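Peer 1: The residues making up each chain are set out below.
2 protein chains.
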Amino acid sequence: MKIKDFRVHAIAIADPPLRSSYGLHAPYALRTIIELESEDGITGINETYGGEAPVAALLAMKEQLIGADPFRITGMLNPEMKYSHDGYDRSQTFKVPGENPLDETTRTFAAIEVACLDLIGKSIGVPVCDLIGGRVRDKVAFSAYPFYKHAGGGGEGADTREDEYGEALSPGALVKQVKKMIAVYGFESVKFKAGVLDPAVEIETIKQLYRELGPGVPLRIDPNSAWTVDTSVEVGKALAVELSGGGYLEDPAAGIDGMAAVRKRLLEMGIDTPLASNVAITSFGDIPVCVANDAVQVILCDHHYWGGMRQVQHLAKLAETFKIGLSMHSNSHLGISLMAMAHVAAATPHLTYACDTHYPWQQEKDEVVEGGRVPIKDGCVTIPDKPGLGVSLDLDQLERGKERYRNIPYRKRDDEAEMRRHIDPGWKRILPRW
Amino acid sequence: MKIKDFRVHAIAIADPPLRSSYGLHAPYALRTIIELESEDGITGINETYGGEAPVAALLAMKEQLIGADPFRITGMLNPEMKYSHDGYDRSQTFKVPGENPLDETTRTFAAIEVACLDLIGKSIGVPVCDLIGGRVRDKVAFSAYPFYKHAGGGGEGADTREDEYGEALSPGALVKQVKKMIAVYGFESVKFKAGVLDPAVEIETIKQLYRELGPGVPLRIDPNSAWTVDTSVEVGKALAVELSGGGYLEDPAAGIDGMAAVRKRLLEMGIDTPLASNVAITSFGDIPVCVANDAVQVILCDHHYWGGMRQVQHLAKLAETFKIGLSMHSNSHLGISLMAMAHVAAATPHLTYACDTHYPWQQEKDEVVEGGRVPIKDGCVTIPDKPGLGVSLDLDQLERGKERYRNIPYRKRDDEAEMRRHIDPGWKRILPRW
Chain F
1 MKIKDFRVHA
11 IAIADPPLRS
21 SYGLHAPYAL
31 RTIIELESED
41 GITGINETYG
51 GEAPVAALLA
61 MKEQLIGADP
71 FRITGMLNPE
81 MKYSHDGYDR
91 SQTFKVPGEN
101 PLDETTRTFA
111 AIEVACLDLI
121 GKSIGVPVCD
131 LIGGRVRDKV
141 AFSAYPFYKH
151 AGGGGEGADT
161 REDEYGEALS
171 PGALVKQVKK
181 MIAVYGFESV
191 KFKAGVLDPA
201 VEIETIKQLY
211 RELGPGVPLR
221 IDPNSAWTVD
231 TSVEVGKALA
241 VELSGGGYLE
251 DPAAGIDGMA
261 AVRKRLLEMG
271 IDTPLASNVA
281 ITSFGDIPVC
291 VANDAVQVIL
301 CDHHYWGGMR
311 QVQHLAKLAE
321 TFKIGLSMHS
331 NSHLGISLMA
341 MAHVAAATPH
351 LTYACDTHYP
361 WQQEKDEVVE
371 GGRVPIKDGC
381 VTIPDKPGLG
391 VSLDLDQLER
401 GKERYRNIPY
411 RKRDDEAEMR
421 RHIDPGWKRI
431 LPRW
Chain S
1 MKIKDFRVHA
11 IAIADPPLRS
21 SYGLHAPYAL
31 RTIIELESED
41 GITGINETYG
51 GEAPVAALLA
61 MKEQLIGADP
71 FRITGMLNPE
81 MKYSHDGYDR
91 SQTFKVPGEN
101 PLDETTRTFA
111 AIEVACLDLI
121 GKSIGVPVCD
131 LIGGRVRDKV
141 AFSAYPFYKH
151 AGGGGEGADT
161 REDEYGEALS
171 PGALVKQVKK
181 MIAVYGFESV
191 KFKAGVLDPA
201 VEIETIKQLY
211 RELGPGVPLR
221 IDPNSAWTVD
231 TSVEVGKALA
241 VELSGGGYLE
251 DPAAGIDGMA
261 AVRKRLLEMG
271 IDTPLASNVA
281 ITSFGDIPVC
291 VANDAVQVIL
301 CDHHYWGGMR
311 QVQHLAKLAE
321 TFKIGLSMHS
331 NSHLGISLMA
341 MAHVAAATPH
351 LTYACDTHYP
361 WQQEKDEVVE
371 GGRVPIKDGC
381 VTIPDKPGLG
391 VSLDLDQLER
401 GKERYRNIPY
411 RKRDDEAEMR
421 RHIDPGWKRI
431 LPRW
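The listed protein sequences derive, respectively, from chains F and S.
Read left to right, the first sequence gives residues 1 to 434 (my numbering).
Read left to right, the second sequence gives residues 1 to 434 (my numbering).
Take the hints with a grain of salt, since some may be wrong.
You can't tell identical chains apart in this list, so a pair holds if it fits in one copy or across any two.
To be verified - Straight-line C-alpha distance at most 27 angstroms; calculated DSSO-like pairs for lysine-lysine:
#, residue 1, residue 2
1, K2, K139
2, K386, K2
3, K386, K4
If you are wondering where the hints come from, they were derived from the structure by calculation, not from laboratory data.
Please read these numbers as outputs of a predicted model, since none were measured by experiment.
The shape of chain F in the complex, shown without the other chains (with noise of 0.2 angstroms):
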């Protein structure tokens, strides 16, 4: 099997304004699709971060691919991951995930790797998850991903969308949206981004969340490094039991070194919340000081920037080692996204809790797969007895994505400046704010 034609497809869709530490959401948020088609006529996809840089480093790799065996390019491709292992602090402390100049190799790598295993899939009839070591589970668990947010639902002009879920700036509509995005998606986990409000106002968040869902479903709090040590050690001494039985305190304060104070902290006063993270730990560079300083209990994975699902899989093979725990991390995306993470996640034994997903934020108007949006139930989604990924590219929508691309101005992801624009004109991200 030979690849044939390699394409690259930068697409833009709605967003809501969420907030976050980083700021806000642009009322778009930037994809790049990619096919891979064999000489056979086969095409494998495959759905990555988007904007400019992304997709200039992809298509700097056509000449390479073009002749290329797909089941060789993973390890063509190898020696030019380049992973840095000397000193450590890759992190996406300061910067979102997708603009971090230091894992655009690794981006690179993954967004061709799935592309390759979809295409093999769908070459041969198999799924992608029984082509990386075989599934170990059918059903792929997500968590609810609650954000602060201010009205709208993303889009501009005559693309904006009708705004499903409110603003949601105090606790009590958080809970509502919470609410809501379970009775739609049956979630039964609540990860809830924080970081943007008083921690005071985002404890009584996570509170009423208690209250009113019951210690039957697991809380995650994640306010992406907006808070000092000590901040973050009264956040997690309020929250000792609504974070217990299954939730966590993700990155509550920035860096290795701050996560690791945070942690014998609390465990000086005897609470073991674990400390998740996807921003003080983003590649394995970070995994040794992370290990000696037990700064970090739980790695929010992507596929997306580790390099793919076979790193993420001996990232979970190595947690496991170390009896650190993995979820995923995820980034607004659309279906081809979301199967593969869940084929990945299907096909990782080492997997201790549901994982992130922005697809509630997403609209079906959007979405590339043909017969549209994945379906998420019981907040699973289940790997369908289908080749590949299990999705194909519906044409007309991926034409649409890229026409969106084309009218809007945005080529990177800016929260910083998306804030400043239509919230407050002097803001400024501040580590630690709180």
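Use these hints to put chain S onto chain F, whose structure you have.
Peer 2: Using the frame of chain F, we list chain S on its own:
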């Protein structure tokens, strides 16, 4: 694709009277050959440890395998691997490889995984290395593996083999053995099995090898835990020059604690010779304490007992992450195991030393792969342009191996019993001996 039949063949092959700290190799080494046949009539093969216990463990899987999809078998069986992550010391300090009941499940799993990969590869026309991530190299380097030995080529009675290498119980004889092995196979590094004669004689053996082969040929020495920490440090000091430049000191003292103590004292003397291990560290459960104590700088993995090819790849990434070197352990084996080692090595980027192989000690007359022995040229096995493992079974040769097994009394490996039977009726394995 579904499995129609699963066949397990116990065979015996002549093995010369090689010595190690475990004792003496029996006149026959035991191996198990398995066949997984699909409904399409294609057969995947593999080779693993031999004797009654491995055969029984494999046969016990038959019911689960018949009717299963080879793409899904590894996922289906994964929960049964039951790695022990609680505590450590699942080691081969006191047991020869293949006779450790604690890794029976991973050995059984590995045997089936590789047979599935061979079957898949042969069914879709793809080499195994390209099914598991894609080759990063086409040629896999192996080391010369000299042993002190008694006269005799192995086998018994009419099955007695010509003694190709002769007795080697002195430094000079061992140098001669190595030179012959290098002349035949082109090896470019040497792994010397020690722990047999007085350490002063073994030091002298390495010194003679160094003088005769020159500093361009990396030298490694492996006494299989035969030494005290003091003796290990003395040997490390005496051979600081000879083991530098790609050499290592393998399992000098018993256990992770012993290894860590040797490492610490050598470093204090300014000697940075890496310590390698396939005895103190034989499972993922051993790794955290190894890392925490800097006990091992080179892991000698073995897909046969680490749980298969993908587990070896996980291990390699873990080793890379913690800046630990990786090479490969071997046991007496035929061409199927050699090809499996070559395939996983080809698809494992982080492989930092030439691999071990006992293959020169086995003979053409016992080989079960069609076309005879797998060629080793310039010290390397080249991945052939053939699907699966690239080798198939010679059924006549297999039958001869089974007949040999039926005709001999050996049903497990017991080097201590052999030592008593042939060399010294009162011999016991004593750790440490020196």
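Peer 1: Enumerate the violated hints, using their earlier numbering and listing them in ascending order.
Peer 2: none
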